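Protein chains: 2
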Amino acid sequence: MSVIKPSLAKGTRDFSPVEMVKRNFIYDTIKTVFKKYGYAEIQTPSFENLSTLTGKYGDEGDKLIFKILNSGEFLKDPKKKSFDFAEEDNSNKLISLISEKALRYDLTVPFARYVVMHQNDITLPFKRFQVQPVWRADRPQKGRYREFYQCDVDVVGSDSLLNEAEFILIYNEALGKLGLKDFSIKINNRKILSGIAEIIGKPDLIIDMTVAIDKLDKIGLDGVSKELLERGFTEQDLEKLRPVILLEGSNDEKLASLKEVLASSETGLKGIAEIEQVFGYVESLIAYSLPLTAKLELDITLARGLNYYTGCIFEVKTNEVAMGSIGGGGRYDDLTGMFGLKDLTGVGVSFGADRIYDVLEELNLFPAAAEVGTKVLISNFDAEAEKYALPILQQFRNAGIATELYPTSAKLKKQMAYADAKNIPYVILIGGDEMTSGELTLKDMQSGEQKKLTVLGILDLMK
Amino acid sequence: MSVIKPSLAKGTRDFSPVEMVKRNFIYDTIKTVFKKYGYAEIQTPSFENLSTLTGKYGDEGDKLIFKILNSGEFLKDPKKKSFDFAEEDNSNKLISLISEKALRYDLTVPFARYVVMHQNDITLPFKRFQVQPVWRADRPQKGRYREFYQCDVDVVGSDSLLNEAEFILIYNEALGKLGLKDFSIKINNRKILSGIAEIIGKPDLIIDMTVAIDKLDKIGLDGVSKELLERGFTEQDLEKLRPVILLEGSNDEKLASLKEVLASSETGLKGIAEIEQVFGYVESLIAYSLPLTAKLELDITLARGLNYYTGCIFEVKTNEVAMGSIGGGGRYDDLTGMFGLKDLTGVGVSFGADRIYDVLEELNLFPAAAEVGTKVLISNFDAEAEKYALPILQQFRNAGIATELYPTSAKLKKQMAYADAKNIPYVILIGGDEMTSGELTLKDMQSGEQKKLTVLGILDLMK
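So the sequence lines, in the order shown, correspond to chains L and U.
For the first sequence, numbering that gives the first Met the number 0 gives the first residue as 0, with consecutive numbering after it.
For the second sequence, numbering that gives the first Met the number 0 gives the first residue as 0, with consecutive numbering after it.
What the hints contain is simulated information worked out from the structure, not anything from laboratory work.
Take these hints with a grain of salt, some might be off.
For chains that are exact copies, the list does not tell them apart, and a pair is met inside one copy or across any two.
Computed list of lysine-lysine pairs in DSS-like fashion (alpha-carbon distance at most 25 Å, straight line) [said to hold, decoys possible]:
1. K410 to K442
2. K451 to K239
3. K413 to K180
4. K386 to K294
5. K217 to K269
6. K386 to K92
7. K62 to K92
8. K4 to K341
This one's a predicted model, so the numbers in the text were calculated from it and none came from an experiment.
One chain only, chain L, in its complex shape (with noise of 0.2 Å):
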């Protein structure tokens, strides 16, 4: 067999125990958020049928999913006994052929799917969360990867705008437990957009006009005007336009301006309203409770996801870091239809882990409890102290310490390197004094320092 330099295939990432244990760090906090707020775990497989995911990404998505060939000798009873592969448009022809399944693109598909299969088994409202990786043959790039983790959470069957509150503070929670201080979680709502885009007589330039003013941020008032110029607006609709992009104020003063805008359009007015009601719903959910850590923002330009959310849209990002967003979510009216179960309503959000993993290294939030792994190494110089240290190590373990015996004996300094790379913060070094008087010496990998104390005296001091 020749040997072959090892790599990676691209776009993919090992992760060493360090960031493992960051990366638990953020997934149990969330999860345990999750859970608080009476939402389940479930777990699809890796893989779906191909005819499960196509057709549900668009035509750019589809080109993303990674195809698994079939098993076995499967060109063993082609429907064709030759392929030409010079015809036109023959990666597709071929992939009938020889595939039958890819990896999953997203959690929301393969949730669908579950929820429909398992409709049955489910009473609504049905709250999940899942963690999963998802796979999209994206060309890598900086902070881009072919395998990443998405984390979702959904409710399905129950139109109550409770849960919509709850997943603002579920992020408020979520994010402030990992560290964050600073961080915003902004509104908004399709059936504010609709109206808008209904009272300057435009409706069905919706997507146009929320792709423009969604770059108010980037392009300035200017740039979002000549784009909506040339997406098929006049001078006079930007006239109404206008103040709508540029509210400014608190979130009652620009519900208020909106209400006068909008009066006119009876959508626009629902999504007032349920905007409302999700405030309504976090203040007297917090009314006995800390105050939100997270600015909470109707923002109406934000508009993300509108061919598939129908009312309430959530962004989150923090304002401590420059990063696009690390959560999104909102509300949609059809999840299953795809798969023939018309009409259920349900509403998400999800975590951008990987960026939040980013934001947390860069202001050095991990905590310190993060880094460690064993806490204790016991040093073995010799098979006498080897023998003698034995017993205490599992006296260790059997409390619950993380505990290592370095495995043979080895001088003093391979085995502190050995506990530096490790980070392991406590080393208890045996020689011929400490097992005269059955006192042992502790040295505190952090300061330096060194004490003797017996097994009991250390134990203590750990807990």
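Starting from the known structure of chain L, fit chain U onto it as the hints suggest.
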């Protein structure tokens, strides 16, 4: 878009909330023990370059690797312009044109790649565990899936037999914590098997010999004898082999007999000495703590992974349920040679999590706590009661209790059915009386008992 009745890809599974809680109970228990013994988690990508995986699992294994189609217009610039499907061995030729990556088949080869690629960042001994799914294009059948989790723990870069002893304690502790009461950890040593083949003068037939005697349980001594004769052994060889195959008694008695039989084989005696040292380590480790729950048994018919293992070999079985092995592993001398890093020794074991799941299910060993998601449901009968409940809901969550408010007003029966379906143990009923008095009705869903308590009273009771 036509509507497709959705289905799972063949050989894959969804995991419901109840199943996830149970699966997590198993993984969390095992991981906690790994960490206590100084092992740290890593993860590797779901897919690897095909060149990393091919040729590592034998011809049969290679066929079971799921290959991923190159992405994009993967045939736009093919090396050939047409392809004859009827040509011999066409699948393999086509694969090389259209696929360059594949789903991981196990965790061992990716771990070897990891060690080689990160050899400059790793401090030896490197103690890692890894719990991730693997994929195999096997024909699905009861208990065999195309996607399943492996749960591996290995230390590389240390030849100390302390590691072997610690794996025995890891099995003992993890399986004990999962609730198993009667299970056996079988141990053997490749060198003992080599010694046996050596003393009967057939060292080259070691694999044939072990394959036959491994079947003792199933086909009895006569069956084994017959198979040995077919595989090239003589009646004279059988004379020598019989006492070894039928070795009985305590571990000490078996070791004493083996020492006589293998007196002339240096390798065989080395194997015996290794087993003795492992047993010695185990005894010293548990000197001041609990005795082993597991039965530790020297079993010289144990012969798994002989083309791979070079020292101790392990296999774990439960004695409470008829089930194949629920764990196994051993010492290897050349993990990373396939990637050009020679002579790296290591030892590792794995847990068969799917089988352990079935065992715990059959023995009814999943703790009741492993079933509980939401602990408290607050009823919702009308807008007034809902408003009253909102801050209480949040008070419970702030106390760390997983709590839900039924998201819309609904009849009692419907809300109770929801609590039942989700196995929620407590329901708080809030009606007019409760709002007036401030004493809420707490219903214990298991006993059916109801009592009136203040919010603080209920919070106290939950602690």
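Going down the list of hints, with the structure as the test:
Taking the closest pair of Cα atoms, K410 and K442 come within 25 Å of each other only inside a single copy of the chain (16 Å); across copies the shortest separation is 64 Å, beyond that limit. In the homo-oligomer, the alpha carbons of K451 and K239 never lie at most 25 Å apart, since the shortest distance is 79 Å inside one protomer and 58 Å across protomers. Taking the shortest alpha-carbon separations for K413 and K180, neither the intra-copy value of 41 Å nor the inter-copy value of 41 Å comes in at or below 25 Å. For a Cα distance limit of 25 Å, the shortest separation of K386 from K294 across copies, 23 Å, qualifies, whereas the shortest one inside one copy, 59 Å, does not.
Within a single copy, K217 and K269 get their C-alpha atoms no closer than 30 Å, and across copies no closer than 73 Å, so neither meets the 25 Å cut-off. Proximity of K386 to K92 under the C-alpha cut-off of 25 Å is found in neither arrangement, the shortest distances being 68 Å within a copy and 58 Å between copies. In this assembly of identical chains, K62 and K92 lie within 25 Å of each other by CA distance both inside one copy and across copies; the values are 14 Å within and 24 Å between. When the C-alpha separation of K4 and K341 is checked against a cutoff of 25 Å, the pair qualifies only between copies, where the shortest distance is 13 Å, while the shortest distance within a copy is 52 Å.
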